[in-house]
Structure formats: C-alpha cells, structure tokens
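Engineer: For the record, the sequence lines run as chains U and G. If you're matching positions, the first sequence starts at 1 in my numbering and goes up one per residue. If you're matching positions, the second sequence starts at 1001 in my numbering and goes up one per residue.
Keep in mind that the hints were calculated from the coordinates and are not lab data. One or more hints might be untrue.
Said to hold, decoys possible - Covered by chain G, according to a simulated footprint, are these stretches of chain U (three or more residues, beta-carbon under 8 Å):
id, segment
1, 47-60
2, 130-142
Claimed, not checked - With a cut-off of at most 30 Å between alpha-carbon atoms, the simulated DSSO-like pairs for lysine-lysine come out as follows:
id, chain 1, residue 1, chain 2, residue 2
3, G, Lys1054, U, Lys160
4, U, Lys40, G, Lys1054
5, U, Lys73, G, Lys1080
6, U, Lys144, U, Lys73
7, G, Lys1054, U, Lys73
8, G, Lys1080, U, Lys40
9, G, Lys1054, U, Lys4
Bear in mind the structure is a predicted one, so any value in this text is a computation, not a measurement. All C-beta atoms, glycine included, are put in the ideal place defined by N, C-alpha and C.
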Amino acid sequence: MPGKTYVQATINGEHTDFLCEPRQSLLEVLRDVIGLTGTKEGCNDGNCGACTIILDGRIVTPCLVLAVEAEGKEMTTIEGIANGSTLHPIQQSFLENAALQCGICTPGFIVATKALLDENPNPTEYEIRFWLANNLCRCTGYDKIIRAVQDAATTMQEAKA
Amino acid sequence: MHWIDYVNPHSVREATELLAEHGESARILAGGTDLLVLLRGGTMDNVNLVVDGKSIPELNEVTYDPQAGLTLGAAVPCYKIYNNQAVAHAYPGLIDTASLIGGTQIQGRATLGGNLCNAAPSGDSIPAMIALSGVANIAGPSGNRSVPVEDFCTAPRQTVLKRGEMLVSLHFPPPVPNSGARYLRFIPRNEMDIAVAGAGVSVVLDNGTIKSARVSLASVAPTPLFVKEAGEALVGMPATEESVRIASGLARDAARPITDMRGTIEYRKHLCEVLTRRALLTAIERAKEA
Ligand SMILES: Cc1cc2nc3c(=O)[nH]c(=O)nc-3n(C[C@H](O)[C@H](O)[C@H](O)COP(=O)(O)OP(=O)(O)OC[C@H]3O[C@@H](n4cnc5c(N)ncnc54)[C@H](O)[C@@H]3O)c2cc1C
Ligand code: FES
Ligand code: FES
C-alpha cells in the first residue's frame, strides 16, 4: 500500500500538520482528519459552494482541491471567522436577517461574503449576487442572504468610520 | 477515488519526463476543476499519477507587452487574468470568458489552459481564444512546438498533445488599433451552467470598413468550431448590422450541433446566428472605442 503524505499548512492562523493520501480532497481532510466540520459538504463537485474556504486569499471549493496541494498554504475556514466567542459582523447579520433556515449553506456563504467584503467593502446588489453565484441555497430564496450581506457591509463600514 | 500518486515538479523538463514515462496514466493538474471531477467520476480509472503544473515557473507567467502581445501561463487561474488591469484593458474579449467560467470559487482555480486541454466542445474560453488568434505553446520530449488554438482540439476530450507533451502557455498577438473582440454564450440562467451555444468573435476596422474578422463557436460541434468563412465574408464590408447578418448566417450554417437535454439542433443553430450577430455588434463597438 503506498504511503501517506505529510503536509504542513496554516489554518485559521495556526500552524497545522497532517497526514493524507494524495487522492484525498482538502474538504475530506479538513472535516475527517483535522476535525474542522464547520466546512460543509454538499455536492462534492464544485457546484454548491457549501465547502467554500479562503485559500491563499481567494475563495475556492476544497472539494476540488487535493489536500496535498495545501502544502505551505494559508487557509481560513468558517471556524476562523468569529473572534473567540464574539461573532463576526457578517455572522451577526445573517442571524438578524434570518438569512438561513436549515443552515447547511451558511458557512460557505459567510466565508464567501468575508472574502467579498475584504476586497470590495461596498458592493452593489448586482456585485453581491454575482460574487455569490457559486453558492447555492435551497431554503431562503437568496433575498435575505443578499440583505444580510448588505447590512454587514454597512455595519463594517460604520465600524471603520 | 481510486489510488493516485501526486508529484509537484518545478520545471517543464521534469514534468515532460514524467509524462513521457507514464503516458496515458499521468495527467497534468492545473486548477483541478475538471480533472478532479473526472477522476472521481470513474471515467479516468487508468490515471494514477497527477502531475501538478502549478509550481512550474513558465506555467505561472503573465507577461503583457503592447509590442509582443500576451503570454499566459497554462496554470494561471481566471481571477489573475481579470484582476490584471493591463490585460483586462488590452483583451476585453478574454475577460468576457475568464469572468464567466463557473463562479468566483471556480475562477479562483480554473485556468484557460485547463479549459483548452480538457477539450470539451462547450469549453467557453476556446472560441474566445480562437477569435483572438491565440497560439498554444507546447513542450515535449523532442522539444517545443506551437499550434494555433483552432487546431488544438481534435475530438471531444482529445487534443494534439502527444505522449510526453504538455501545454506551457498561450500566446496572443498584441491588439492592433481599432480592433475589438467579444465572447457570448447562452445558458438558461445567469451564471453557472454549460453553454447551449457560444460565440467568440473579433474584428479589425479601418474607417468604418471591416479589415478582418474571426468567428468561432462553442457547443455546436465535436470540438470548438472555427468558422473561417464567416470572418472572411466580412472583409471589405461596412461595419453595419447588415454586413454582420451575412456572417452570422454563415455561422448558423457552419454549426453542426446535436440534439440533447440542453437544446435541439434547430434551437442551437438559431442561437449561433443570434450570438454571432450580437457578439460582432459589440466587438465593432469595442473596436470604435479602442
Ligand atoms: C462548478 C463548475 C462550473 C464550471 N463552469 C464552467 C463554465 O462556465 N465554462 C466552462 O467552459 N467550463 C466550466 N467548468 C469546467 C472547468 O472549470 C473549466 O474547463 C476549467 O477551465 C478547467 O481548468 P482547470 O485549470 O481547472 O483544469 P484541470 O481540471 O486542472 O485540467 C483539465 C484537463 O486538462 C489537462 N491539463 C491541464 N493543464 C494542462 C497542461 N498544462 N498541459 C496538458 N494538459 C493539461 C488535465 O490533465 C485535465 O485533463 C466548470 C466546472 C465546475 C466544477
Ligand atoms: S461540496 Fe464543494 S462545492 Fe459543493
Ligand atoms: S439555509 Fe438551507 S440551503 Fe441555505
């Protein structure tokens, strides 16, 4: 049996190392090897965005990344968004706007929104919808998610001012 | 997924040696947005070696020079193309396609090189690259060669790449004055779908007359289709909707689509006419502004 590969990476600011098989996806390793189960699996083929994480500054779907590719890379998962027990304004806004029902899509939406607002703090509705087109939600009908993103953007802008 | 091994070479030479040694059982990994889906889907059970191309310097190159044109490494993801202001300004026709492959997450990984090597009839970037006279730079055990993008795909999922060969980069000539390009596709929703049909076009104008034009189609033949006669018919014609209709009619006639769940033959041929016409009209507008 061929062996496992040793990988070192930074996850949510912490140095992390793990062993994986080259065929394992980064999603599988995050959840089943490292135990970061906040990242969800929906489709496992890049379509639903439930698994969205930030990898070296860009959002990606780790179901379409091999875990061995993470060597030397920096990642942020949903577990890295809140500040200790204080929710991130985006998380707070999703709660207040009731932007979730079953919640399986929520970690992906929140991570994708974080990356959007880092790059574009004041996006238009059109920009939000296009940025989030790779994230599917079967419950909310999206409008509440869009409103939550807009509110979070406003809150974060005000906090900076 | 069945067992695979992973290697991460740092030079073209190392990679081509591995490809030559392992033949059909080795594949280059760029963004993985096709490869990992296929490996998981059971259609690539013969593949047991993944050769990551992303640590090879030549595959990460993005060099634009107004005299020399654009060299785009085969492993450059879409977002690095549209976030590059010089490239975005010089090649809006390329940005059309880089910004519509998948969504934001897919664009964080997917490459135009992977889109080309995957050789799907629906590959959105391929007609756009054909319209821009793109050339594929290939390296292999017996040296380097270059192939025009329109000659690269030979059948669904088949390319001109021979054992041991890989795509290193894509090259695009510099945009000449008064030129414009456009890629348009039709899908039933706004984003995240496979083209029912697509049209990539480019034009060069000379005082309101069309000096040259290129037209290429997606999803209406076994490979992306270069419709040479549609572009040639425009040479010397005034840059008007009337002229454009002649070319879009030729595009419709050249399309050889099949009927499947995405659309019928009739529907797809009609789309070729409409998309080619609209794309040409936008390309002409862009050429006037350029
Ligand atoms: C959710 C989703 C949405 C998508 N939407 C679109 C879309 O709208 N339009 C579209 O056209 N496609 C779409 N795709 C398909 C895919 O994203 C694109 O084809 C993409 O451009 C492939 O690039 P990649 O870098 O991920 O290729 P990879 O998956 O890494 O490679 C694709 C193929 O090319 C080979 N290859 C890659 N690089 C080289 C090289 N340098 N030399 C030799 N062979 C090489 C690989 O071995 C593999 O066979 C989508 C995919 C997903 C999962
Ligand atoms: S699980 Fe990764 S995109 Fe759906
Ligand atoms: S809340 Fe259920 S899928 Fe989005």
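Engineer: Determine for every hint whether it applies to the structure shown.
Structural biologist: Verification of the hints:
no.: 1; hint: 47-60; result: holds (count 7)
no.: 2; hint: 130-142; result: holds (count 6)
no.: 3; hint: G:Lys1054 / U:Lys160; result: 37 Å, violated
no.: 4; hint: U:Lys40 / G:Lys1054; result: 27 Å, holds
no.: 5; hint: U:Lys73 / G:Lys1080; result: 18 Å, holds
no.: 6; hint: U:Lys144 / U:Lys73; result: 33 Å, violated
no.: 7; hint: G:Lys1054 / U:Lys73; result: 13 Å, holds
no.: 8; hint: G:Lys1080 / U:Lys40; result: 27 Å, holds
no.: 9; hint: G:Lys1054 / U:Lys4; result: 21 Å, holds
The earlier numbered hints that this structure contradicts are 3 and 6.
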